[in-house]
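Engineer: Spelled out, the chains give:
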Amino acid sequence: MMLNRLAGLLLKVRRWVVQLAAFGLWNSLLFPGLKALPCPALNCYGCPFAVVACPIGTLQHFIVIREAPFYMLGVLGIIGALVGRISCGWLCPFGFLQDLLYKLKAPKLRLSNRFGWLRYAVLVVLVGLIPFFTLEPWFCKLCPTGTLEAGIPWLALRPDLRHLAGWLFWSKVGILVFFLAWMVFTRRPFCRFVCPLGAIYSLFNRFSALQLRVDESACARCDRCQEVCSMDIRVYENPQSGQCVRCLECVRACPKGAVRLAGAEE
Amino acid sequence: MKLQKYHILLFISLGLLLLGLVRTEFQTVYAHARLLCLSCMGLQ
Chain A
1 MMLNRLAGLL LKVRRWVVQL AAFGLWNSLL FPGLKALPCP ALNCYGCPFA VVACPIGTLQ
61 HFIVIREAPF YMLGVLGIIG ALVGRISCGW LCPFGFLQDL LYKLKAPKLR LSNRFGWLRY
121 AVLVVLVGLI PFFTLEPWFC KLCPTGTLEA GIPWLALRPD LRHLAGWLFW SKVGILVFFL
181 AWMVFTRRPF CRFVCPLGAI YSLFNRFSAL QLRVDESACA RCDRCQEVCS MDIRVYENPQ
241 SGQCVRCLEC VRACPKGAVR LAGAEE
Chain R
1001 MKLQKYHILL FISLGLLLLG LVRTEFQTVY AHARLLCLSC MGLQ
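Taken in sequence, the protein lines are chains A and R. For the first sequence, position 262 (counting from the first letter as 1) is numbered 262 according to our numbering, and the numbering increases by one without interruption. In our numbering, each number is its position in the second sequence, counted from 1, plus 1000.
Treat the hints with caution; some may be incorrect.
What the hints assert, rightly or not - With the Cβ distance kept under 10 Å, some of the chain A side facing chain R (calculated, not the full set):
no., residue
1, Ala36
2, Ala50
3, Val52
4, Cys54
5, Gly74
6, Leu76
7, Leu164
8, Arg206
9, Glu265
Simulated from the structure, these hints should not be mistaken for lab results. We treat Cβ as the ideally placed atom computed from N, Cα and C, and that holds for glycine.
Taking the hints into account, I'd like the entire structure generated from these sequences.
Structural biologist: Here it is as structure tokens:
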């Protein structure tokens, strides 16, 4: 019942308004004490205005200090079990940026989701194994979100830090520029092929309480769902795809009304 | 209501969250998140 209400509400509001509001909320500096709360999306806690903790940064920190991150895994598990990967589509500032950049007029490069497994490799290697053996949070050291939200703003705000910008900082800027350019041509490349938080949430999409359903008898297989999909998925082939960020653009766009959001019980 | 897979995931996650709260892990999260890690920003 509650999930049906949520689905109805999501279809009524404009997604960019929620994405903008989420960006403002995670980086409002209004409630600094909230940094004990995990952000449900990828948002760097090094940002001078951040009020919540990045889940991936926190997971790496617990790995480095050799403690089990029960609290963070519990929060991510609850979100994943209830709504799957919806945070990526509605609450992630970096996802929002990718949606905006893809709207720029430029030739578009469509890429298959065949290489989506790369994000699991990033999760295991860069977030798990390398921090475990080197005692350094290596995903954070390379993360373009951190460069955009923390590295560059700190250098802008604190001139006394500028002399510290060395090869690692400029490498991070290079990675950021690469992804920003890619985002203009391809839909959400960071979410589809790199994001380790998206990889964690992806595991829940198949089992979450909130599900995307396709009425196969109504579906005309016109591929309109793929045309509007943030993640370039052919929704009727696999509505529970781990790549789906539940942006609901397919629900709005389907000319036959064949795609809908529903509870797992239905 | 029939038991669904998400119920099991939800119970496990709630258990993990409670365990984390009992171990006051949020204090570790807070302390670390407040720290300005210059090396993570490539400033070193």
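Engineer: With reference to the structure, classify each hint as holding or not holding.
Structural biologist: Quick rundown of the hints versus the structure:
| no. | hint | result |
| --- | --- | --- |
| 1 | Ala36 | holds (4 Å) |
| 2 | Ala50 | holds (8 Å) |
| 3 | Val52 | holds (8 Å) |
| 4 | Cys54 | holds (8 Å) |
| 5 | Gly74 | holds (3 Å) |
| 6 | Leu76 | holds (8 Å) |
| 7 | Leu164 | holds (4 Å) |
| 8 | Arg206 | holds (8 Å) |
| 9 | Glu265 | holds (7 Å) |
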